[in-house]
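Peer 1: Next come the chains, spelled out residue by residue.
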Amino acid sequence: MKLIKTLLAGAAALLVSAQALADINVGISLSLTGPGSGLGIPMQNYYTKVFPQTIAGEKVNLIILDDATDPGKGVANTRRFVTEDKVDVIIGSTITPVAAAMAPVAAEAKTVQLAASPVGVPPGQDGWLFRLPQGNDVMAHPIVQHMKKNGVKTVGFIGYTDAYGELWLKAITAEAEKNGIKVVAAERFARTDTGVTPQALKLTSANPDAILVVATGSGAAMPELALLERGYKGKIYQTHAAATPDLMRIGGKAVDGTFVVSGPAVIAEQLPDSHPSKKLAIDFVTKYEKAMGPNTRNQFAGHAYDSQVALEKAIPMALKKAKPGTPEFRAALKDSLESMGRTIFSHGVMNWTKDDHWGYTNETGVLLKVVNGKFAVEQ
Amino acid sequence: MDFSIASILALDGITNGAVYALLALATVLVFAVTRVIFIPQGEFVAFGALTLAILQTGKVPGTVWFLLILATLAALSDLVQGLRQHQPAARIAVVMLRTLAFPVLVSLLALWAAPRNLPMLAQAALTLALVTPFGSLIYRLAYESLADASVLVLLIVSVGVHFALVGLGLFFFGAEGFRNPSFWDQRFSLGPVVVSGQALIIFVASLALIVALYLFFERTLRGKALRATAVNRLGARLMGISSAGAGRLSFTMAAFIGALSGLLIGPTTTVFYDSGFLIGLKGFVAAVFAGLSSYPLALVGALGVGLLESFSSFWASAFKEVIVFASILPVLLWRSLRDPHGEEH
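Same order as they appear, the protein sequences are chains Z and C.
Position one of the first sequence corresponds to residue 1 (our numbering), numbered consecutively onward.
Position one of the second sequence corresponds to residue 380 (our numbering), numbered consecutively onward.
Hints are computed from structural coordinates only; laboratory data are not their basis.
Glycine included, each C-beta is placed from N, C-alpha and C at the ideal position.
Among these hints, one or two may not hold up.
Non-contacting residues of chain C with respect to chain Z, defined by C-beta distances greater than 10 Å in every case (computed) [unchecked claim]: (1) V398; (2) D527; (3) A554; (4) G556; (5) R558; (6) G576; (7) F582; (8) S673; (9) F690; (10) F693; (11) A697; (12) A705; (13) V710.
Chain C is nowhere near these chain Z residues, computed Cβ spacing over 10 Å in every case [what the hints assert, rightly or not]: (14) D126; (15) G127; (16) N179; (17) R188; (18) F189; (19) T194; (20) K202; (21) D209; (22) I250; (23) N351.
Restraint ranges, calculated between C-beta atoms of paired labels, are given here [stated by the list, open to error]: (24) F704(C) to S274(Z): 33 to 39 Å; (25) A174(Z) to R717(C): 47 to 53 Å; (26) A543(C) to V371(Z): 57 to 63 Å; (27) A543(C) to S274(Z): 49 to 55 Å; (28) A385(C) to V371(Z): 37 to 43 Å; (29) L490(C) to S274(Z): 50 to 56 Å.
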């Protein structure tokens, strides 16, 4: 028994070292089971069906593991990536708590981590962590610009009493103040609340020119309906987590005229020609839907596409400095991501620098308007 | 804050309070009869609302398969029990048939009715019929064999059942939320207050159910049997009242009340697979107001929780839950000072 084990271990070690000689190894930890599986599975589809076999002439080995939406499992996967597989770059995870738990392990091994979730690690501790989704301040930009253009002077806020709501309140307050708009009332609610009539009452009695609703998916319509029921006539804005057909499914006719901010990837064909991401967004949608079928596009498959865009630009730069599988290559990869400059993603315009690992520029977000139960780009 | 705002808030609070009252009554009922602190009470609310929502879309709700699986498990436990006690095969078959008959019939009816887009009231009735058997099945599978365990053990089982039901709810209904159409879209203006038809339905349904429960406990033999079990399990058994039967009946009633509450609040908010827990917990707070024993006090407590929630959402929405759940502390203090007694088990 012991002999067999030793032999197996030896064989495995040989295999690993043989791989490590020339190929680029990418460790991908995704939530394929558990509550986050709806986000991880589209990414897995992209990596297994669309992702190229080689980048810059080097063979790319993808090692995809399931972290079951569990931070502990995510950490275990990351340890395996850095100790056994000796990967050059880590991608994942799809859920913020898992990605946040993975970050210290990746940083300790000095390996770049491309997270598909907006991980809020404080600046200084995110040296090896790069984020693929947009931060809330980037998404707040088009909302506030639109408010300013339409003469909005006061804005009310109603949002989840959790991290998503708090981050948005911070982002919108900062962005609005810069543009001379005042946040006059901030109310909270929970996704599972039975109603928000009292909060709506308070917001409408403050009577702001516009109200921002911060909620996700099918939960986003409820506060808006409560506001309309109280006779609110001003503009209503929703965040990118509400940019799904669920808003109209639950809200029906009542939500017509709502402004919703969105990333560009999923609305590829509708983007105005002037939007820098239009070409890549269409490329992503065509490639993904060719593999998976019509109308399968979603935000997370887009992040997988963007990870490919980033790697295809950074890997050739890093290859000039070092061989894959070495610590030097991993460090060179980090430097390349930080110095590659303005890069067009399907999700917006990315500009990672040494001090900014969020990186999206203000050209990223697109404001949509609900017209007759469908999203249309608001110019 | 003027009179009109206060009256709108009060109406909102009483509407929610009426639903909490139903759940509080169910919690008190289950505790009195079986000594189970039934945390998963709220799950029936979510199951009821989501089942109706999925029937509305013309699909077969996941509740059907869930119900069939639970019924099969219960029938298997009948079989094992029958074999262990060396009962004749015919008798075992009859017992199993009795367990399976209603769930299977209702499921077949649901499979037939789902694509036919029946009128909403028929779908609501079907929803009640689908969710109600969950009560006795869950009692049989999770609690019956532990019926004589301490309150603490039963509470721990309740926590487990709660997590199991939430996880299975995610599996059978998906992560998406649903909002049901209103049963009655009419609106009535009373000065500054607009009363929606749905709010009136909530009041009437809650009141009707409370009256029905009162009549059931005061006038019927089974109701009196339940009360007898609540007062003294051993004494009731000596009088020939089956305590297992009483437990099943009380859980069935709890499931029915939960599903009904789900139908009532479905049109006022978006319900998710995990929405039930907090709603049920507020019903539980109201039940604690009543010391888990008095129905009228539970009603008062529930309306109090509804009002407190509504007014605290207006003044300090970020601390709403904190205020509602912290209000349980002075109540516990008052109760323990008023009637100090040791644990009874």
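Peer 1: Now, for every hint given, state plainly whether the structure supports it.
Peer 2: Hint check results:
1. V398: It is violated; V398(C) is separated from chain Z by about 7 Å at its closest Cβ, not greater than 10 Å.
2. D527: holds (35 Å)
3. A554: Non-interface label fails for A554(C): nearest chain Z Cβ at 7 Å, not farther than 10 Å.
4. G556: violated (4 Å)
5. R558: violated (5 Å)
6. G576: For G576(C), whose nearest Cβ neighbour in chain Z is about 13 Å away, the distance exceeds 10 Å, so it holds.
7. F582: Consistent with the label, F582(C) stays out of reach of chain Z, its closest Cβ about 15 Å off (over 10 Å).
8. S673: holds (25 Å)
9. F690: violated (7 Å)
10. F693: The claim breaks: F693(C) does not keep its Cβ more than 10 Å from every Cβ of chain Z (closest is about 4 Å).
11. A697: A697(C) not clear of chain Z: closest Cβ-Cβ about 4 Å, inside 10 Å.
12. A705: holds (16 Å)
13. V710: holds (21 Å)
14. D126: D126(Z) clear of chain C: closest Cβ-Cβ about 28 Å, beyond 10 Å.
15. G127: Given that every Cβ of chain C is farther than 10 Å from that of G127(Z), nearest at about 34 Å, it holds.
16. N179: holds (25 Å)
17. R188: violated (4 Å)
18. F189: violated (6 Å)
19. T194: Nearest chain C Cβ is 5 Å from T194(Z), so the label is violated.
20. K202: violated (5 Å)
21. D209: The claim stands: D209(Z) keeps its Cβ more than 10 Å from every Cβ of chain C (closest is about 21 Å).
22. I250: violated (5 Å)
23. N351: It holds; N351(Z) is separated from chain C by about 34 Å at its closest Cβ, greater than 10 Å.
24. F704(C) to S274(Z): 33 to 39 Å: violated (51 Å)
25. A174(Z) to R717(C): 47 to 53 Å: holds (52 Å)
26. A543(C) to V371(Z): 57 to 63 Å: Given a distance of about 44 Å, which is not inside 57 to 63 Å, the answer is violated.
27. A543(C) to S274(Z): 49 to 55 Å: Taking Cβ atoms as reference, A543(C) and S274(Z) lie about 53 Å apart, which means the hint holds.
28. A385(C) to V371(Z): 37 to 43 Å: holds (39 Å)
29. L490(C) to S274(Z): 50 to 56 Å: Given range 50 to 56 Å: holds, Cβ gap about 53 Å.
Consistency note: the structure conflicts with the earlier hints numbered 1, 3, 4, 5, 9, 10, 11, 17, 18, 19, 20, 22, 24 and 26.
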